[in-house]
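Chemist: Here is how the chains run, residue by residue.
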Amino acid sequence: MVLVKNVSKTFGEISAVTEASFAVDQGTLAGMIGSDGAGKTTLLRIIATMIPPTSGSVIVSGMDAVTRRDAVKALLGYMPQRFGLYPDLTVDENLDFFMDIYGLTGAERSRRREKYLGFSHLTPFVRRKAGDLSGGMKQKLALACVLIHQPRLLILDEPTNGVDPVSRQEFWEILAEMKASGMTLLVSTAYLDEGENFDRLVILHKGRILAQGTPEAVCSGYPDLETAMIKRIETVDAGLAEERFAL
Amino acid sequence: MSLKKIGAIARKEYYHLIRDFRSLYLAFFIPLLLILLFGYALSLDVDRIPTAVVDHSKTPESRDFIERLNASLYFDVVAYPVSTEKMTRLIDGNRVVVGIVIPPDWTARLKAEKDAPLQVIIDGSDPNYAGNTRAYLMAVVGERNQNRLLTFLNRRGREPIAVPVEARIRVWFNEALESKNFIVPGIIAIIIMIVGALLTSLVIAREYENGTMETIRSLPVRASEFFFGKALCYWFITLVDVLVAVLMGQVLFGVVMKSNFWLMILASMIYISVALSLGLLISVKTRSQLMANQMAILLTYLPSLLLSDFVFPQQNMPAVLKAVTFAVPATYYIDILNGLYLRHLDFFQMWENFAVLAVMAGILFFLNIRALKKAGL
Amino acid sequence: MHSEAVTVTDLVKRFGDFTAVDHVTFTVRAGEIFGFLGPNGAGKSTTIRMLCGIITPTSGSGHVAGFDLFRQPERIKESIGYMSQKFSLYPDLTPMENIRFYLGIYAVPPSSWKARTEWVIRATRLESVRHRLTRDLPPGWRQRLALGCALLHRPRLLFLDEPTSGVDPITRRHFWEFIRQLTEEGVTVFVTTHYMDEARHCDRIVMIDAGKIAAIGKPSEIIQKTLPDRPGADLQEAFVALMRGRP
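Residue numbers (our numbering), protein chains in the order written: chain A, 1 to 247; chain S, 1001 to 1377; chain X, 2001 to 2247.
Bear in mind the hints are in silico, worked out from the structure with no lab data behind them. Do not take every clue at face value.
Stated by the list, open to error - Facing chain X, according to a computed beta carbon distance under 8 Å, are these residues of chain A, among others: (1) Gly162; (2) Ile174; (3) Gly182; (4) Asp193; (5) Ile230; (6) Glu243.
As the list claims (entries may be wrong) - To give an idea of the chain A side of the interface with chain S (calculated C-beta under 7 Å), a few residues: (7) Lys73; (8) Tyr78; (9) Pro80; (10) Gly84; (11) Tyr86; (12) Asp88; (13) Glu93; (14) Phe97; (15) Ile101.
To be verified - Some chain X residues flagged as far from chain A (calculated, every beta-carbon gap over 12 Å): (16) Asp2068; (17) Arg2156; (18) His2194.
In this text, a Cβ means the ideal position worked out from N, Cα and C, and glycines have one as well.
So here's chain A without its partners, still in its complex pose (with noise of 0.2 Å):
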């Protein structure tokens, strides 16, 4: 579904992203983890057609992301980090402009009103202000919008950010059947604990992917995630291991 070739970003001076490749395959649950600053934000921006890559190649179900913009653009739907509602339209006026967008209209314009409404439990708040919402609400009125065109590629970044347990808990959930209706899905996160949730994950540090695969192989040999992350960090920059402070 999608395929990352040699990809690196450099803004300016500063490079973002440096020689990235993988794969994510139809159907599945993708998982980028890393700390503020890995890449993570600028690797899901190139897959989902808002920046170029200053060198390789990204392809979307068989479709160069550059050079089809546009088609890529109608396959997926991306949720950016900060969450990108307008918080002075209610609930209800937020999914209607995302509508009005896709061009939908009569029946199917009111069955997907209820359906992405109703299983993300909005459907009591509708009248409520975007901005007004919890934090936990709002990523699931956004994840609504995203979802309303019914995209077969579905790009997070850092949906679960800061939201409250039991939201984060429900949004997995919601993740869970979109990829048990075929969907196939790339979220990013900074916490370590979700990283079980997903069929395959990518690990960033600093621009470059670290490790990829099952999270068992990612964890090989160590007790959790976290463990597992730091050892490959401390192999591959040494520096930052020896950053240890004291009194």
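Following the hints, complete the assembly by docking chains S and X onto the known chain A.
Modeler: Just chains S and X, lined up with the frame of chain A:
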């Protein structure tokens, strides 16, 4: 380009507008305030100039002179100080602008047919005002001199001759030389810039600040659709403001547009497009509401006010500044409005102005699309 | 030093109609690491800002470092250290200039400026970057500098607001080791976080949601009390169970 997508964006923009108190206030309250402020306060006319006269002569002739002065619309003798020092104090205290001293021997010298000077002191703090004052005073004195010359010749038994060269001046287009006839078109141009450019300068910057620009970019929306959707609401609001301003000009100041109304609307539509495009361009370039606001004031509102021939005459500007005025859209729009309000010109007499505005709108549209494409749309 | 570094009873903070903190009662013992856990918007920052004397509570009572929350906020500010990763530092100043600023603010006697500065620079390993602009430092280094600034006046009580968000796992681990060393010297540490897995570094925690305390105690005790029949459960699961159990 799809009309449905433009509609989708315009509808969303309409919601933002009705939810945002500041924008509404800027759109409707500020124009009213401006009309009142400019219309009443910024009168460029010089009349009823507060005047003080020190009459040392105290004769029927001197009193007659003072009366004539007072009777003219231009001068208003408000004080009769007894000494030059007292008069000076009145000028220093900003109570009067002109001080006239009639010397003790003034009447005697007149009667002896000698030269009879008057001492006149004008407060020159406002050169425009002082210049006008001086001209009016010269006119009053000149008229008196001419009358005296005629009676003198009469007395000598000569045929009264006509004054050899007489400039018979007629002011066209604004017969009463009333500045309000000139100010109302200027206000309309300023209002369009404020409402149009200032409001729209916020709208794309706001998308960046909310983080929603990223959302827009992920949607199948083209740069042109985004541009027209953004501009649509503001285009109509600004047009309504133009009508309100025209109506206010008529009701409050009696400035009536006697020419082709639809030509005025056409010119306004083109000029509004220029203002909105300028605002949106600033917005997409700065990406911050604060910066955009300051840029909009600097690049649109101030030039329209200061360089458009509205407040300061372009003829008197140095060459460099004069060159800049050609790039100020308000120059052309005010020219058209003056043509319509004062000279009753038709389209073919002003088509160059229309053409320049249309070309400006076209260039700005192109720059907008390019900037939006560069921003990832 | 009191045996309780912080005691608060029925603390309430309202902003207009919105109750950010709703009758919160707890004590922090001297020399412990006390964790304040909850999602974004749960009331963590509001609570920590009340305890530091930055905002005045609406009602309730409390003492911090022996001083009254309502009557002696200035005394509280003098005797505690407060670090907020987002707001502590001036990005356009160098580390040395930031330190100099805080020395003045905390009224450290000028005779000991040099020694304190050297101590902080050494403890936080900032020797090599002392004259670079703070905004050019990596997030982990900025975080250490912020912590160092909060320690300049040798406070016995340290408040840390989301100190570890956005840093990689290694730097996070180093950070917690450093905090542990501080408590061994007798410093009391009050820390907020939205990473549930960081609770294991705390002696005792409060879990807060929507302004109310959901659970308080040792992490292991909370898990055991909430989910007695699931020995392998973690804090995240306990929190979800607590939230869902509530009407």
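Chemist: Quick one: work out the minimum CB distance from aspartate 2068 of chain X to chain A and report holds if it exceeds 12 Å, violated otherwise.
Modeler: holds (31 Å)
Chemist: Please check whether isoleucine 101 of chain A passes as an interface residue: C-beta within 7 Å of a C-beta belonging to chain S.
Modeler: Since chain S brings a Cβ to about 5 Å from isoleucine 101 of chain A, closer than 7 Å, the hint holds.
Chemist: Taking 8 Å as the limit, does the beta-carbon of isoleucine 230 of chain A come near enough to a beta-carbon in chain X?
Modeler: holds (5 Å)
Chemist: For the hint on glycine 162 of chain A, just tell me whether its beta-carbon gets within less than 8 Å of chain X.
Modeler: This interface hint holds because 4 Å falls under the 8 Å limit.
Chemist: Since arginine 2156 of chain X was said not to touch the interface, does its Cβ keep a gap of more than 12 Å from each Cβ of chain A?
Modeler: Fine: 15 Å to the nearest Cβ keeps arginine 2156 of chain X off the interface.
Chemist: Please verify that the nearest CB of chain A lies beyond 12 Å from histidine 2194 of chain X's CB.
Modeler: Not fine: 5 Å to the nearest Cβ puts histidine 2194 of chain X too close to chain A.
Chemist: Hint proline 80 of chain A vs chain S: min CB-CB distance below 7 Å?
Modeler: Proline 80 of chain A check passes; min Cβ-Cβ to chain S is 4 Å, inside 7 Å.
Chemist: Is the shortest C-beta separation between glutamate 243 of chain A and chain X less than 8 Å?
Modeler: holds (6 Å)
Chemist: Using 7 Å as the Cβ threshold, decide whether aspartate 88 of chain A counts as touching chain S.
Modeler: holds (4 Å)
Chemist: For the restraint on isoleucine 174 of chain A, tell me whether the closest CB of chain X is nearer than 8 Å.
Modeler: violated (15 Å)
Chemist: At a threshold of 7 Å, is the proposed contact between tyrosine 78 of chain A and chain S supported by beta-carbon distances?
Modeler: Because about 4 Å separates tyrosine 78 of chain A from the closest Cβ in chain S, which is inside the 7 Å limit, the hint holds.
Chemist: Against chain X, with CB atoms and a cut of 8 Å, does the hint on aspartate 193 of chain A hold up?
Modeler: holds (5 Å)
When the structure is compared with the earlier hints, violations turn up for hints 2, 3 and 18 and for no others.
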